[in-house]
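Number of protein chains: 2
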Amino acid sequence: MRKVKTLGLLGTGVIGGGWAARALHFGIDVIAADVKPEMEEWLRGAVANAEPALARLTFAPLPPKGKLSFTTDLREMAARADFIQENIPEQLPLKQKMLAEVSRHTGADVLIASSTSGLMPTDLQRDMVGPERFLVAHPFNPVYLLPLVELVGGKQTSASTIAAAAEYFRYIGMHPLHVRHEVPGHLTDRLQEALWREILHMVNDGVATTGELDESIVYGPGLRWAAMGTNMIYHLAGGESGMRHMLAQFGPCLKWPWTKLEAPELSETLIDRMVEGTQQQAAGRSIRELERLRDDYLVAIQQVLRQFDIGAGSTLRALEERLYQDAAVAPEAVDLDAARPLRLLDTVVRPEWVDYNAHMTDYRYMMLMGDAMDALYRLAGLDEAYRKAGGMYYDVETHVRFLREVKSGEPVYVTTQVLALDEKRLHVFHRLHRRHDDQLIATGEQMHLHVDTAAAKAAPVAPGVRARLERIRKAHSALPVPAESGARVGGARG
Amino acid sequence: MRKVKTLGLLGTGVIGGGWAARALHFGIDVIAADVKPEMEEWLRGAVANAEPALARLTFAPLPPKGKLSFTTDLREMAARADFIQENIPEQLPLKQKMLAEVSRHTGADVLIASSTSGLMPTDLQRDMVGPERFLVAHPFNPVYLLPLVELVGGKQTSASTIAAAAEYFRYIGMHPLHVRHEVPGHLTDRLQEALWREILHMVNDGVATTGELDESIVYGPGLRWAAMGTNMIYHLAGGESGMRHMLAQFGPCLKWPWTKLEAPELSETLIDRMVEGTQQQAAGRSIRELERLRDDYLVAIQQVLRQFDIGAGSTLRALEERLYQDAAVAPEAVDLDAARPLRLLDTVVRPEWVDYNAHMTDYRYMMLMGDAMDALYRLAGLDEAYRKAGGMYYDVETHVRFLREVKSGEPVYVTTQVLALDEKRLHVFHRLHRRHDDQLIATGEQMHLHVDTAAAKAAPVAPGVRARLERIRKAHSALPVPAESGARVGGARG
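Chains as they are written, first to last, in our numbering: chain A, 27 to 520; chain B, 27 to 520.
Simulated from the structure, these hints should not be mistaken for laboratory data. For clarity, every value in this text was computed on a predicted model and none was experimentally measured.
Each pair may be met inside one copy or between any two copies, as identical chains are not told apart.
27 Å max Cα-Cα, derived DSS-like pairs, lysine-lysine:
no.	residue 1	residue 2
1	K450	K433
2	K450	K500
3	K433	K414
4	K181	K123
Looking at chain A on its own, in the form it has when it is part of the complex (with noise of 0.2 Å):
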């Protein structure tokens, strides 16, 4: 096969702009087919709207992007592309008759793929010059960024092309996956369906809202489905014994009115293969590693979800406010010992914080040092609605010294001393200890800056909050000063 330069699309729409996007961002020249000339703008915004997300998939150096141009020929299309995908109509004699015309004006090293979410190979390629060059290779919106190809050959195509086909997919960011039978709707879009179909029997019976059965995913499997299966979940389910285990206990399940599917006898032969099947995919982890690695995934994706305030990341931000509440002091009742700094912050190193050498990362310090800054600001009455009314404290500058290495999972704390205060700047230092042995880890220096976030300048802070940061920093002014502050990298004090 030849080296993929130029892709060539046979129709647009969704799917076919969601190839373009993805091989145009990995530095893959498209040229579009489509027999409606208007299709070429509708395109052009389609790549132009998938550009953000994906300029965000990864930090590694790119090629030059590729060029797009688009053509209402379809000859012009085929003797152009290196590799062809076919994104029409899902209408089996319109694709056959379609895929035959552009196999007779390419060269016969020029592999040919279709879109189709469920018709077959065999019956795709019937028609074609060189079938073995052809498979099916089935996509998932959006295409730009989800990795899934689903690849299947029909009885004529050759196991060269599936190989060469994976390559190039892989090329693209993606993960092939190689569906070794031909069965109506290939492996993804089979379990999609039965679950869709479910779906539609439950509203169809006004059991439940379309709302209410999202819900019923997204707060639950949904998150697990992220990275693991359902039997692989359901191996982890099982305790000790895994899949063999969790079949003995829920085999009686199947013959219940569960769903409106029924399901297969459960002969010993199929619990046999999914026994196996599931214990290779294990390869040779433990069920307690495996749950280790489900509940640290778990854990740092509802993080994530919490930062745009969705589904169960909706949930963990409810949670927290009510924790904030409970645990809010009023400022004046703060027990100031003037022995010691405030201990604002205790939390664990999470293992999506270290790095190749299982350390924490640099950065981390900072960021726990920022948590430790957003511990202050609520003590000393700088709230969400603070903020909102226009003031903010913004940090201009942060001196970390890192002294030692912190692992995942190690209990760490941040104490904080306010230095000094003026009507806008609050001069504080930070220092991050291990829980356990009350180590030193880290020092950190910061001078923030009061602004009114509104005209964006400097502006000074509220009387109130003044006069909370202001018994704070009295209390501390009993504190020697950190032999680290006022000194410059590579240096002694300044």
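Let chain A serve as the given structure and place chain B on it in line with the hints.
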């Protein structure tokens, strides 16, 4: 209903253990009753196992942890609990008997919930004293991390029971979903079970392995389901007219054998319900707006999975490895323009990097400087093989000055100037710029120390790496020393 200070567990096991861990974490005492005394040790182990992940779920201040006690006497548990959660085996007569018994030993204001996956509350509450305070509350594994809990009332359940239970479950960080009609399997397990039975058919028919079927979800639809259900996802797939267009386009497929589950007739009533339901879910947001939200979380989740090297995250890692290889330049061939520092990082500010001010959070500036350092290391031949052999630079000091704000979506770049170098120390200066007008946004001065990671102490850098860095330092020695370098926080150069 009473304020829940003590949760009573009737039966333990994986589900009971999950309930215990969650309640204790949020400050509620737990008394567990199980006829088998050996379950006490098991339960304490399960709680301890859940704690590391739970501890990372939120940074918000938590009340003191609850206390766990255990009894083999159901009556002791019933007398002390403010809320009872039953988790015994899924056998209707057994559950009916035990629920009736426990109901005779509690105050009338104690709610009693069953964790049943699929039994009906009307059947379960039949023999109870005070059946109006009974409900099904069905959680999902791992109970201590997944927020979903389905609440289902039976014919005798009061509305205030559902409301009070929802309040309690929210208190322990969950998302209660009120299932308004009793059906076997409630909502979630019906959808999961349809997918599960289709899997069993596929394995039974020899079409695919458990591993292939799991891949068919986790690299595609599973990523979407982490935050949007099938209905919302299909609404987005339908283009501007959403679900209505989607049903028109894919309605005919409902007759195709894409699953062994037959679909209901796609009547006008059903179409209207699907369209009205998804319109309510969209809540006035346009398709474009929802697409952007979907794309944002799909990118962010893939970043998380990349850190755990699982599913779509592994695909991304493999892609990046290839991109770095393709872009690798022999260090000798790097164009060292003595007139300017190295520009090693070009990127775009991601939406998950901004804070409540919609500006990039302070520690993300340091993260970008770290990414620029990684690029410098690659250029100097300090690659994965070098790290594996035990050599590495550690950041020992960073001083960042924040000069300007930067917003989500803004393209930025980092330049890096090598100030000084000896056998162990590497002194650099970064500048973060906005791309469109080259405005300077922040500066960062860093001292890095070369370490022998096995011995965990400073050690000389390898001669080859040092020579490559030295070549850069020499070229940069023609550049002016940055005015900000050598300055202390809040002051001029020291």
